[in-house]
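Engineer: Protein chains in written order, with the working numbering: chain A, 1 to 327; chain B, 1001 to 1327; chain C, 2001 to 2327; chain D, 3001 to 3327.
These aren't lab readings, by the way, just hints derived from the structure by calculation.
Because the structure is a prediction, the values reported are computed rather than measured.
Where is the CB? At the ideal position from N, CA and C, for every residue including glycine.
Check each hint, because a few of them may be wrong.
[Claimed, not checked] Part of the chain C face toward chain B, derived, beta carbon under 7 Å: (1) Gly2155; (2) Gly2162; (3) Gly2232; (4) Pro2260; (5) Phe2289.
[What the hints assert, rightly or not] Label-pair distances were calculated between CB atoms; the ranges are: (6) D:Tyr3323 to A:Phe176: 52 to 60 Å; (7) D:Gly3177 to A:Lys179: 21 to 29 Å; (8) A:Glu285 to B:Gly1110: 55 to 63 Å; (9) B:His1306 to C:His2156: 28 to 36 Å; (10) C:Glu2282 to D:Ser3041: 55 to 63 Å; (11) A:Leu83 to B:Asp1048: 32 to 40 Å; (12) C:His2156 to A:Asp107: 30 to 38 Å; (13) A:Gln290 to D:Asp3278: 30 to 38 Å; (14) B:Glu1068 to A:Asp278: 22 to 30 Å; (15) A:Phe176 to B:Arg1108: 45 to 53 Å; (16) D:Ser3041 to B:Thr1051: 37 to 45 Å; (17) A:Glu55 to D:Arg3286: 30 to 38 Å; (18) A:Gly97 to B:Glu1068: 35 to 43 Å; (19) C:His2156 to B:Thr1084: 48 to 56 Å.
[As the list claims (entries may be wrong)] What the simulated footprint calls covered on chain C by chain B, stretch by stretch (three residues with Cβ under 8 Å from a Cβ of chain B suffice, anywhere in the stretch; the number is not a length): (20) 2117-2131; (21) 2174-2184.
Number of protein chains: 4
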Amino acid sequence: MRGEDEIKSRVVGVDISINNTTYAIVDIRGNIIAEDNFPTSDYSNISDFVTKLSESILQQMEENGGYETIRSIGVSCPSASFLTGSIVNAPNLPWKGNIPLAAMLRDRLGLAVGIANDAHVSAMGEYAYGSAHGMKNFIVISLGVGLGSCFYSEGHEHQGFGGYAGEFGHTCVHEFGRKCACGKEGCLEAYCAANGIVQTAQELLAATDAPSLLRDQERLSPRIIASCCSQGDAIALEVYRKMGSTLGLGLANYASLLSPQAIILTGGISHAAEWFLDSLLESFERNVFQTIRDKVLILVSKLNDHEREVLGASALAWEIPEYSLFR
Amino acid sequence: MRGEDEIKSRVVGVDISINNTTYAIVDIRGNIIAEDNFPTSDYSNISDFVTKLSESILQQMEENGGYETIRSIGVSCPSASFLTGSIVNAPNLPWKGNIPLAAMLRDRLGLAVGIANDAHVSAMGEYAYGSAHGMKNFIVISLGVGLGSCFYSEGHEHQGFGGYAGEFGHTCVHEFGRKCACGKEGCLEAYCAANGIVQTAQELLAATDAPSLLRDQERLSPRIIASCCSQGDAIALEVYRKMGSTLGLGLANYASLLSPQAIILTGGISHAAEWFLDSLLESFERNVFQTIRDKVLILVSKLNDHEREVLGASALAWEIPEYSLFR
Amino acid sequence: MRGEDEIKSRVVGVDISINNTTYAIVDIRGNIIAEDNFPTSDYSNISDFVTKLSESILQQMEENGGYETIRSIGVSCPSASFLTGSIVNAPNLPWKGNIPLAAMLRDRLGLAVGIANDAHVSAMGEYAYGSAHGMKNFIVISLGVGLGSCFYSEGHEHQGFGGYAGEFGHTCVHEFGRKCACGKEGCLEAYCAANGIVQTAQELLAATDAPSLLRDQERLSPRIIASCCSQGDAIALEVYRKMGSTLGLGLANYASLLSPQAIILTGGISHAAEWFLDSLLESFERNVFQTIRDKVLILVSKLNDHEREVLGASALAWEIPEYSLFR
Amino acid sequence: MRGEDEIKSRVVGVDISINNTTYAIVDIRGNIIAEDNFPTSDYSNISDFVTKLSESILQQMEENGGYETIRSIGVSCPSASFLTGSIVNAPNLPWKGNIPLAAMLRDRLGLAVGIANDAHVSAMGEYAYGSAHGMKNFIVISLGVGLGSCFYSEGHEHQGFGGYAGEFGHTCVHEFGRKCACGKEGCLEAYCAANGIVQTAQELLAATDAPSLLRDQERLSPRIIASCCSQGDAIALEVYRKMGSTLGLGLANYASLLSPQAIILTGGISHAAEWFLDSLLESFERNVFQTIRDKVLILVSKLNDHEREVLGASALAWEIPEYSLFR
């Protein structure tokens, strides 16, 4: 049949983060046509959230070319699984239990909806529009409140049998080590994500009487510690040196298993790379197996965090089949 | 190892056509940074051509960010095979025999070079930046001097065991029919590509004394015949009606074998679609197997021919691995 | 968790043919542990058929190691689609409309069930255990009451967007030619499958008064015509010569599109290959595009028809995920 | 072209182990037609080894149906890379440096030769003929002198960008821990492969005066320690308990990254599973991330080590294209 009018050249990419939910219309080449956002935390009830998000997206469509121009929707959300289309027990979101978000949005919008966790979507963004473009085997690490990852094997993202692959933050680096929020001990996340970095700072401060700018802060955070680094604070520098060393060990193990072309660091804490990258690299090269030593590129993402998520979500939207009531 | 400076974000796309050779620097998102061209036919010796093309590309690189920013090179060329990297017995190019063009260019430029035939590259262009974006099973038809095709099966281009797949123009539609330039009889190309369309016009003119604008033309071509169509010339209209009907039959056979989501028409003659699309569709739906009747989109490409080839060649450049003297 | 007892090393392969339904327990290496059958045509009601088949399979399991040893079930059935798990409007089976056979059997048996059409399953059988083992691009043709096909592209079976690929029998070889049972005209099946071969014989007999053993037959069939060939009957020989010539043209078109390593002929009528293979090959090489001339192997399957279907169905059973009430 | 005689239905599988080199003719279904072996260590010069192996294979072919029946050759060898076809710095083989074994054998035999390391080949054997048949995501662990691994992602073996993936034995479990033979510290192999198990025994014996059967042994080995386990020796039991606990931690990390359906233990030391599997499982479930807890099958291979390698090598032989002087 003649199909001129049936080809839709735009998708919607949605990034549900702890603070904000951003939604944007994106074209085939990654141009953002329109973009808006609202506070995630205003909607403690998932039903209210879905209503707000659906109405916002519909309005955005109407104001930018119309519903008929949109092919499908991709959503980035912590703790989401692409295989099930659901969010499961998200520790950092207000909605608990198993939430079939893809189906909920599809029913409201009448469009195909794919959802995946933030590390998975970050990897899709790097593959489609970032440093991983043209690579078939690489790892993307997401450094923030949590520590996620996603890797590509021969050009496709690895999801695993159950769709739960990539839990790099919950590999153990110190047996019987720090208690992690997940209930286990010694998880990498307990040393290298936000809370772990703060805990390292607290431990270092408690272990000495040496002066430190960190002692003057009302509240410690990775960002504040990084800012003290830039002022030359010795303990702050040691915090990130330790973090880099531990992360380098974890990455060396990951790389020894996968033999990737590159490891790309993303997420808020990757912006502090200047303070941890040297120790990360030293630890990585010391701990990685010899056959791949000096052969893995360690990169900090060149996409800004926000754009990567929205673009990655748009790439996800293109990967799912169009939805049709008549099929 | 720290890899900040090792990620290259641009490629060169080259379109070698019968008349012109175009070369362009293209970024990850399909933005053309620089583009230039020279007449292909000025270089009847392949060695001279390779020298001209290499020097032109090197100069373009120097003027636009430098050699170090370029990852790899993709080339679209009639009669080229991606698997061998060679042009073989190109009927419409000045260089005869088996020409290992990919290796010749790589040796001059020190960069990875991939080459593929024009229909293959058109399909990559439609997949990366055109109507086929997001589709996993589709056919691209290239209508011009020759009649080529390429199809995607489950998201990858089908090349076949020997890399010679897609010879749609040389499938037989009329046993013991018109002699084709390839030596066989009844090939679709002998009815639906440039020479075949002209031959149909000549046959119709010879079969009647009816007046026709076509009789006033010094030389017939698909473009001239289309222009007579737009002036309402009955014989010109009949030429394209017959062409569409025959092409519709060929496409129905193709679609019955493949069950594609869409068939996308590209190439110079696709611009005459308004004169052949109705008869094509009628013939297609009549001849296609019932299970897929009304289920295949027939589209005319929305990319312009030139851009599609250069962008498709850039997509090809991203698909091959980077070249390194140290690997 | 410890999984010793959870690994199941056997599957059930089912071949639903027009006359008989065969079901067998097959191990990983293609050894048939047990096999039985019943007449398909005894069950004109699909519900009765499903009851009979389910009970038969359950009994076979009990007598051969138990239900717990069986991983999953694969079913070969004319007009079945793997993507939907349904039989749709099967012209040669007693059950009409859209029948979700995979779901019906799964509900009765509590095991994962995959179904696919006979040509698809034949191709899986040739790939797993026959001449196509180790090939990544090949075509399997099924010659019988109908004329089906399936091809592999880069190691996976091509199903197409809608799952209806492979309708080789309904590609048109003679525009406005013989009326086919499908409603179209000039279909290859109308010349090269059972009824078409008989029709050719009738036409040849009607066109001449020459004596022929065929005139003495109460009823013509491909098998009877082949048997007259072996007695040297000139008209019978001409029937298969014409069939081979037409099939060779169709295969040449198929091969020009796909560039396969091999084409494998299966099905009842392939046993008459000695009477049509010479003309098929002559026609194929004459009509195929030059770049692949002399490069495609034309083979008659070495597996017996029956075994290929049961083994192919077992290969299908391994390709689907295990079913679990707890997943 | 008619291809009856061109289809070859057998391959040769070769297993080069530290002590013995085994070579066998295997058919499509994994039946071993003929098998023989010679001591690897008799050939300290690679050239002599290649001569011996080539002549042995040629003679085996002649005695079993002839050279013409063999399609290709697959070779399992420690430290081999499939991507390069070479053995690189094998620590446990007599031949040093970079040895292009695949090319050396192909030149002698005129047949396509594929080679891969033992864990890779084990995984292919489990996939084709063992517990992983029908799985798309699984890990195979090889426990012996070394500690290797290979995983499948979506149905294909992951090799990584450089082809060096799977170095599970050289992931670090104890930072600054035991010195490994590879030069690094704290490698899993230094605790869970042959030498590491013996070292654990020696450390436990040195730490106490408690009586133990182990003290009476002239030389400790994993096999001897296991045999003392079966006699109830407390220290021997503790050796394997510790080994299982450490291996369980390493596997938990691996599984948290991959979300596999199963982990299959192979190799000589897997035969001592009864002494380490309980502690392995306890440690695994304690250390694995919650989303996949209780969802990964831990299996000991049911294929015998020897058969798995030869069959896996035969599966490898089928995966490479046939070699032809005329192509």
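Engineer: Each of the hints needs a verdict: does it hold here or not?
Structural biologist: Comparing the hints with the structure gives:
| no. | hint | verdict |
| --- | --- | --- |
| 1 | Gly2155 | 10 Å, violated |
| 2 | Gly2162 | 5 Å, holds |
| 3 | Gly2232 | 28 Å, violated |
| 4 | Pro2260 | 6 Å, holds |
| 5 | Phe2289 | 4 Å, holds |
| 6 | D:Tyr3323 to A:Phe176: 52 to 60 Å | 54 Å, holds |
| 7 | D:Gly3177 to A:Lys179: 21 to 29 Å | 22 Å, holds |
| 8 | A:Glu285 to B:Gly1110: 55 to 63 Å | 28 Å, violated |
| 9 | B:His1306 to C:His2156: 28 to 36 Å | 34 Å, holds |
| 10 | C:Glu2282 to D:Ser3041: 55 to 63 Å | 58 Å, holds |
| 11 | A:Leu83 to B:Asp1048: 32 to 40 Å | 56 Å, violated |
| 12 | C:His2156 to A:Asp107: 30 to 38 Å | 33 Å, holds |
| 13 | A:Gln290 to D:Asp3278: 30 to 38 Å | 34 Å, holds |
| 14 | B:Glu1068 to A:Asp278: 22 to 30 Å | 24 Å, holds |
| 15 | A:Phe176 to B:Arg1108: 45 to 53 Å | 60 Å, violated |
| 16 | D:Ser3041 to B:Thr1051: 37 to 45 Å | 56 Å, violated |
| 17 | A:Glu55 to D:Arg3286: 30 to 38 Å | 46 Å, violated |
| 18 | A:Gly97 to B:Glu1068: 35 to 43 Å | 52 Å, violated |
| 19 | C:His2156 to B:Thr1084: 48 to 56 Å | 23 Å, violated |
| 20 | 2117-2131 | violated (count 0) |
| 21 | 2174-2184 | holds (count 5) |
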